[in-house]
Structure formats: C-alpha cells, structure tokens
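As a plain string of letters, each chain reads:
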Amino acid sequence: MQVNDELVDQLSTLARLTFKPEEKEGIKTDLQKMISFIEKLNELDTTGVEPLLFMSDEVNVLREDEVKGSITREEGLLNAPLRDDKFFKVPKVIRK
Amino acid sequence: MNGQTTCVEAVRHYLDKISASSHLNAWLEVYEVEALETAALLDKQRHSGSPLGRLHGVIVGIKDVICHKDHKVSAASRVLENFTSVYSATATDRLLADEAIIIGRQNCDEFAMGSSNENSAYGPVRNAIDEERVPGGSSGGSAVAVQAGMCMVSLGSDTGGSVRQPADFCGIVGMKPSYGSISRYGLIAYASSFDQIGILAKNVDDVKLVLDVIAGADEFDSTVKQKPSHIPALKKSYRFCYFQNALEHSSLDPTISEEIKGFIKKLTGEGHTVEPVAFDLLDYIVPTYYVLTTAEASSNLSRYDGVKYGYRNSNKENNLNELYQQTRSEGFGPEVKRRILLGTFVLSAGYFDAYFTKAQKVRRLLVDKTLKIFEEYDAIILPTVPTPAYKIGEKKDPVEIFLADIYTVYANLVGIPAISLPLFKNDKGLPFGLQLMSSQNNELHLLSLSKLLINLRFSGK
Numbered sequence: 001m002q003v004n005d006e007l008v009d010q011l012s013t014l015a016r017l018t019f020k021p022e023e024k025e026g027i028k029t030d031l032q033k034m035i036s037f038i039e040k041l042n043e044l045d046t047t048g049v050e051p052l053l054f055m056s057d058e059v060n061v062l063r064e065d066e067v068k069g070s071i072t073r074e075e076g077l078l079n080a081p082l083r084d085d086k087f088f089k090v091p092k093v094i095r096k
Numbered sequence: 001m002n003g004q005t006t007c008v009e010a011v012r013h014y015l016d017k018i019s020a021s022s023h024l025n026a027w028l029e030v031y032e033v034e035a036l037e038t039a040a041l042l043d044k045q046r047h048s049g050s051p052l053g054r055l056h057g058v059i060v061g062i063k064d065v066i067c068h069k070d071h072k073v074s075a076a077s078r079v080l081e082n083f084t085s086v087y088s089a090t091a092t093d094r095l096l097a098d099e100a101i102i103i104g105r106q107n108c109d110e111f112a113m114g115s116s117n118e119n120s121a122y123g124p125v126r127n128a129i130d131e132e133r134v135p136g137g138s139s140g141g142s143a144v145a146v147q148a149g150m151c152m153v154s155l156g157s158d159t160g161g162s163v164r165q166p167a168d169f170c171g172i173v174g175m176k177p178s179y180g181s182i183s184r185y186g187l188i189a190y191a192s193s194f195d196q197i198g199i200l201a202k203n204v205d206d207v208k209l210v211l212d213v214i215a216g217a218d219e220f221d222s223t224v225k226q227k228p229s230h231i232p233a234l235k236k237s238y239r240f241c242y243f244q245n246a247l248e249h250s251s252l253d254p255t256i257s258e259e260i261k262g263f264i265k266k267l268t269g270e271g272h273t274v275e276p277v278a279f280d281l282l283d284y285i286v287p288t289y290y291v292l293t294t295a296e297a298s299s300n301l302s303r304y305d306g307v308k309y310g311y312r313n314s315n316k317e318n319n320l321n322e323l324y325q326q327t328r329s330e331g332f333g334p335e336v337k338r339r340i341l342l343g344t345f346v347l348s349a350g351y352f353d354a355y356f357t358k359a360q361k362v363r364r365l366l367v368d369k370t371l372k373i374f375e376e377y378d379a380i381i382l383p384t385v386p387t388p389a390y391k392i393g394e395k396k397d398p399v400e401i402f403l404a405d406i407y408t409v410y411a412n413l414v415g416i417p418a419i420s421l422p423l424f425k426n427d428k429g430l431p432f433g434l435q436l437m438s439s440q441n442n443e444l445h446l447l448s449l450s451k452l453l454i455n456l457r458f459s460g461k
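Quick note, the sequences are listed as chains A and B, same order.
Each residue of the first sequence is one higher than the one before, starting from 1 at the first, in the UniProt record's numbering.
Each residue of the second sequence is one higher than the one before, starting from 1 at the first, in the UniProt record's numbering.
Next up, chain A with everything else stripped away, as it sits in the complex (with noise of 0.2 Å):
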C-alpha cells in the first residue's frame, strides 16, 4: 500500500485535520511506516474465523429504568467555549 498525498489528503478531510504543506511530507512518512507495519496481519491466514467484536462476556446489564448519571443544562453548558444561557453557539450552518 502506497500512501500518496491523495489519501493523505483524504484521511485528514474525514478525521478533520489539517496539515500546513511542511508537515505533510513528516505525515506521509510516518503513515507510511505505520501502515506497511500493520501490513504484517497479511501474513496470517484467519479463513474461517470470526472477528471478535465484544471483550465482556456480560449480556443484558441492565438497571432500574430512573434518571441518573445525568447533568444539568448548566453542568452541560459549563465547559462550552461559546454558549448563550441555553444553548451551544456555532458558526451560521444554514445561508439564505
């Protein structure tokens, strides 16, 4: 697997991320060496088996159905870099 500026591009489109040009070469290198690393698995035959999906072994760990674990608007709005008193402001999504 070759890694090119193309999926290098791509990747940081879908993890939102952007790279200024004199990082992308380090970005391209490294991703380079992590992927042909990760390449290894290749070597394996796994034909037949299952891909293990769930590390507990618990099935239906359920409560009682009541509030809690729960916070409050104000507890929810605290940490928010901007806000009014109910809401989570964000730049205008819809243009006329």
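To be clear, the hints were calculated from the coordinates, so they are not data collected in a lab.
Ideal Cβ positions, reconstructed from N, Cα and C, are used throughout, including at glycine.
A couple of the hints might just be wrong.
Covered stretches of chain A (chain B as the covering partner; in silico rule of three or more C-beta atoms under 8 Å from a C-beta of chain B) [stated by the list, open to error]:
1. 5-18
2. 38-49
3. 74-85
We have chain A; now place chain B onto it with these hints.
For chain B alone, kept in the frame of chain A given last:
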C-alpha cells in the same frame, strides 16, 4: 494509621516531597488547600470515634485522564486545557467514599498515547532514578509520584501497558486488572475495548487494598463483570509458562533475558513448574493492537470539536467545518494526530475489511490461544519491556516506539490481568520488572502469586 501521626501531618509530608521534586514535572495540579482540609476533617472524624474507611488517610494521586468533579482534567492535552469535570469517575468516588485523600492530578502522555511521557502538552516527566531518562508512559507522572514518595498510591490507565511499563521503568509495582474489573465511567476514553484503570504502588498489598475498594459492578458501565473475582485456593506449587520466542526475541536486552531465565531456575528450584510454550503469534500482537486501538481512538476522539467543551479556534470567519478542522489541528499534538489518521485509514471504505476486520480476527486467535494456555498453567511470565528506561529525546521513530510495547499489549488484547513486579536492576542501577499474567477475572490469584515471587526474589534463597 497507627495512632502515631495524623492525616494532616501525612498530607504535609507529601506536599513537602511534591514541592521538593517539582522539577520532575509529575503533577499538573496539586490540591494543597483541599487536601489539608480533607485531612483535618478525617482527623476530626477519627477522634470522634467514627469507623474508619478502608483507605482512611491514604494519599492518592490520579492520572489526568480520570474525572474528579469540580476539578480540572485535561488528558495532558491543549484540547482540554480548561476543562472542569462535571462528574466524578466511579473509581474517584469510591476512593473518596473510603476516605482516601486525592492530592493532585498527574502528568501523562496526551490522551494516554505514548510510552515515554514525552507526548504531554505540559512537558515531559523525568525519571527520579536518572533525571535524563524517561519515566515510561503513558502514566509517567503517576509512576514517578509513587517512585519519588510524592504520594502513596496512584491511579493510572492502561490501554497497552501504560501502567505496567512506567512501573517497570521506575522500579515500582503496576497492575492492570482484567478488562471489566474496574468501571471505566469517568475515564477519558482512548480505546474502549482495551482501556482499564490500573494501580501503581510500592508494594502488592497496597495495590490489592485499592483494587478491593474501586473494582466491581457499577450502574454506569455495563462492561464491568457482575460477579467478584473468586479467591483462589492456595497450592504448594504452581504451574508457570513463558513464551520461548519472547525470551529469545532480538529486541530484548540480554541482561533482562538472563535475569528472567535465572529467576525461572530459582522458581523451578522451589518446586514450581516453569515451562516454555510456543507462541507463534508474538510478532503479530503489536500490529493487531495498533490497528484496533487507533480505530477506536479515531472514533472516541471525534468528540473534540470545539463546540461542547475544550479548545476552540477563535477565527470568526470560519464556517463549521473549518472550525472543526482548525480546532482539532491546533488542539491535538502530533502523536494523537498520527493515531487518529491511522485509525481513520483502517476504518475507511475500501480498507475496513483488509485491516480492521482482519485485526479483529487475529484478536480472536489470540484469545483462543490464551484460553488454551490457562487450561494448563496458573500464570504466564514475560518481561514487561524489552529495554530499561531510555534517555529523553532518544527515540523518535513511531514504529520503533510501537515495537517496545511487544510484551504489554498482549494482556489488553485478550483482556487478562497483568502486573509488573520490580524484581531486578541492571549494572547501571536501572530497574526492570518481571511481568506476570493470570487468566481473566483472576486478579486475586495474580496478586497472591505476585507476593510469592517477590518473597522468593528477596528472601536470599
């Protein structure tokens, strides 16, 4: 408490130690006033004859990834620099309910990603044994705090060795319990199917005491096991195994290999069985680990968007997408970005099956192999690390750094408990540990075997 001292005096003692060792950079914040107030309150309660909590007056530090209501938590990242917890982790609540005193929050690698504590946005932590060397990571501050006597016990987190490896580099005990032993509620997520809170202390009894307090079922984490770990019957001799190719591995420091082989002889001399097993998946565990953890990290860290909390880029001309991109690019450090990109790659359309599903299949092979091993053996012996603590700035290549996790990530991949025991030193006086692992949900067995090994090592026999 033996009646000889008070909680206030104990806190003062540790505060003095912390201020004398501030150049080690182990703490991101120390709660001087609050710790003294809590201590005074505990002293008063004790004098009035109230029954004592199990951790009455125990001075604890917590890694900067564990939430503590009304206190800051930043994951050693700029992205959470001014974040205040609005609730406490279950582990934090349980410490406090049993009268521990939390004296501060500890430096670590950003989002627990790293193994040298050089990835913190707040500067590296120094190893107290040799200040030019790294303390290990990611729970580097937590290890140094115990090593240098700045607290009695630390809580860290261990996704691929982040408690055991710094414990090894600092010459202390570090334990990662089974997956599902301690609630992850209030632990900042890195890779949710790997993450566990772990305990760092000077001895096994302290680890056990803290584990007893913080482990167990929790209404806020459905992956925690519902039944407590059973208490093993004591035997006269035990069956240990080690991975033959692990002790012969080209990356392993010869001194570590020799010391462990010597110790194995000592164990067999005492009537225990220690046998090599073939473990042909050894060279696949680190690649599997990096596929799965980076995938989970890329998903978990998508929440840092500059809207709900944390750092936000202040350019008013930004549209929403630019706001996300610039916030994340400025807020995250280089290692975190690298891992998010790799995780995004293995999860992206066209690559998902070839990389992510493949690694989940290898994880199944590893679990199956592990179950077979524990049908025959009580515990597995491995090194904790391939080399002792290295110098700050010495290692740069990301893959080289990944490979040093070869002995620790296995326990997280298969969910078993593992502990690093400070049994050895090399000719430079640098400590290194022995890693011991037991079958899943058998941490009490692991702890009793740990005591047996420590006694054997230091009994002079």
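Count residues of the segment 74-85 of chain A with a Cβ under 8 Å from any Cβ of chain B, then say if the count reaches three. holds (count 7)
Coverage assertion for the segment 38-49 of chain A with respect to chain B, Cβ distance below 8 Å, three residues required: Three-residue rule met by the segment 38-49 of chain A, so holds; n is 9.
- Checking C-beta pairs, does the segment 5-18 of chain A have three or more residues closer than 8 Å to chain B? holds (count 10)
In this structure, none of the earlier numbered hints is contradicted; all agree with it.
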